[in-house]
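Enquirer: Residue numbers (numbering that gives the first Met the number 0), protein chains in the order written: chain L, 0 to 239; chain X, 0 to 239.
Keep in mind the hints are simulated off the structure, nothing from the lab. Keep in mind that this is a model prediction, so the values were computed, not measured. Hints are supplied without guarantee of correctness; some may be wrong.
Copies of the same chain look alike in the list, so a pair counts if it works inside one copy or between any two.
As the list claims (entries may be wrong) - In silico SDA-like pairs for lysine to any residue, Cα to Cα no more than 20 Å straight-line:
no.: 1; residue 1: Lys113; residue 2: Gly137
no.: 2; residue 1: Lys87; residue 2: Ser221
no.: 3; residue 1: Lys113; residue 2: Arg98
no.: 4; residue 1: Lys63; residue 2: Leu160
no.: 5; residue 1: Lys63; residue 2: Arg150
no.: 6; residue 1: Lys87; residue 2: Gly223
no.: 7; residue 1: Lys63; residue 2: Glu169
Here's the letter readout for the chains.
Protein chains: 2
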Amino acid sequence: MIEALVFDVFGTLVDWRSSIAREAESLLAPLGIARDWADFADAWRAQYQPAMEEVRSGRLPFAKLDLLHRRGLERILADFAPDRVDEKTRRELNLAWHRLDAWPDVSAGLQALKPRFLLAPCSNGNISLMVDLARRNGFPWDAILGAELARDYKPKPAVYLAAAAAFDLEPGQVMMVAAHAADLAAAAAAGLATAFVARPDENGPGRGEGSPTLRVDLSAASIGELAQLLCGTERRSLRR
Amino acid sequence: MIEALVFDVFGTLVDWRSSIAREAESLLAPLGIARDWADFADAWRAQYQPAMEEVRSGRLPFAKLDLLHRRGLERILADFAPDRVDEKTRRELNLAWHRLDAWPDVSAGLQALKPRFLLAPCSNGNISLMVDLARRNGFPWDAILGAELARDYKPKPAVYLAAAAAFDLEPGQVMMVAAHAADLAAAAAAGLATAFVARPDENGPGRGEGSPTLRVDLSAASIGELAQLLCGTERRSLRR
Chain L
0 MIEALVFDVF
10 GTLVDWRSSI
20 AREAESLLAP
30 LGIARDWADF
40 ADAWRAQYQP
50 AMEEVRSGRL
60 PFAKLDLLHR
70 RGLERILADF
80 APDRVDEKTR
90 RELNLAWHRL
100 DAWPDVSAGL
110 QALKPRFLLA
120 PCSNGNISLM
130 VDLARRNGFP
140 WDAILGAELA
150 RDYKPKPAVY
160 LAAAAAFDLE
170 PGQVMMVAAH
180 AADLAAAAAA
190 GLATAFVARP
200 DENGPGRGEG
210 SPTLRVDLSA
220 ASIGELAQLL
230 CGTERRSLRR
Chain X
0 MIEALVFDVF
10 GTLVDWRSSI
20 AREAESLLAP
30 LGIARDWADF
40 ADAWRAQYQP
50 AMEEVRSGRL
60 PFAKLDLLHR
70 RGLERILADF
80 APDRVDEKTR
90 RELNLAWHRL
100 DAWPDVSAGL
110 QALKPRFLLA
120 PCSNGNISLM
130 VDLARRNGFP
140 WDAILGAELA
150 RDYKPKPAVY
160 LAAAAAFDLE
170 PGQVMMVAAH
180 AADLAAAAAA
190 GLATAFVARP
200 DENGPGRGEG
210 SPTLRVDLSA
220 ASIGELAQLL
230 CGTERRSLRR
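Using the sequences plus the hints, can you model the full thing?
Expert: Here's what the structure looks like:
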């Protein structure tokens, strides 16, 4: 019996690409910088996995994702606008990740799931980032779980296991929800149930995962459809 | 400028004594056990500080408060009902701490504070316990902070500092709210602002802290009065 749902956030719940493009344009265009802002978002996001790998591999100690985002930002700004962006703007731009907009189905879908399941992000984003996204988009979390609690990054098993343990649940009582096969494969290997949510346009039109490429327990086109599937066929048991 | 309020929970937000007495009676009286149930609650609670001191001192590794509660329960049951309580009942009784009722002013007070401040518990209770109390009583937390995140117990400074760091705030931007002078003294020593809330009946009629015995930034008779004091004189700055 599934008691809790834990969610990937970047890409699965929020549209990081459009939001970062909007924020970058809003902060950098006034400085006279011209660029394809979606490309800027892609370039920044491309720094994400290599930065986390430094931590996952043990080469660097754990640091919050905000700090990894800042390292990535320095790298891409060095490439195309080395001397034109002051420190204040860099700080503000780095916090663009705290101002991402949700896909339109998410808030209502989470609200529908809330009466029956414990809900938390299991994201690589840090706690303050998750809190700001929740306030902005109306995500009704019970707790903020994920990388900062586990002090390591997905897809390391410790992150999924720490989320289940925080809720006092066995891994099999927790369902990981994500739009990414790699995340779900790692969650399944750690013993969690899995739900795929399609985000076919995450990386631009038609450039996202539109269908699952691995065996999952559930597959849905939106968080709302996930809620229909789960609340129609299962009822949250009352543990206490 | 205060950006976040973090709260002590046992005694400050919830009436642990009446709730534990009710739960103990409900589970143990049917086994033929007769006792003053408020005394039972007091005896169990008396195990609390010594159990945490084992962790704070480094003699034992960090363990969730649920586990410390269970150790304390074993000790008091051994004293007065050694062979009459089965394992299932012990487990269920231990989870009584997840079913505590809030003082009547708390839920509305927190809701009034929510638009202006980030809100989190900074409790020695574990995450799942805090989640269950929040669901039961309508506490609108942004995140669950406290001992399980810091992996140590108040009044160690690490617990207060970890709460501020999770919100990306300086200690002085965070106000600790508690009904206990010792908690507030430790928070102030760690650099946090402090608010005292009176709970004169926490340990029974007239047996609680009814007024602050140390210098605090604010003192209130309830969470509702705290909200009036804070929202009338300060406005939450928008950081992002």
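Enquirer: Please go over all the hints and tell whether each is borne out by the structure.
Expert: Against the structure, the hints come out as follows:
1. Lys113 to Gly137: Both ways: Lys113 and Gly137 sit 12 Å apart in one copy and 13 Å across, limit 20 Å.
2. Lys87 to Ser221: Neither: 37 Å inside a copy, 40 Å across copies.
3. Lys113 to Arg98: between (23 Å within a copy, 19 Å between copies)
4. Lys63 to Leu160: Intra 19 Å, inter 16 Å, cutoff 20 Å: intra and inter.
5. Lys63 to Arg150: Intra 8 Å, inter 17 Å, cutoff 20 Å: intra and inter.
6. Lys87 to Gly223: neither (39 Å within a copy, 38 Å between copies)
7. Lys63 to Glu169: between (27 Å within a copy, 16 Å between copies)
Violation of the numbered hints given earlier is confined to hints 2 and 6; the remaining hints are satisfied by the structure.
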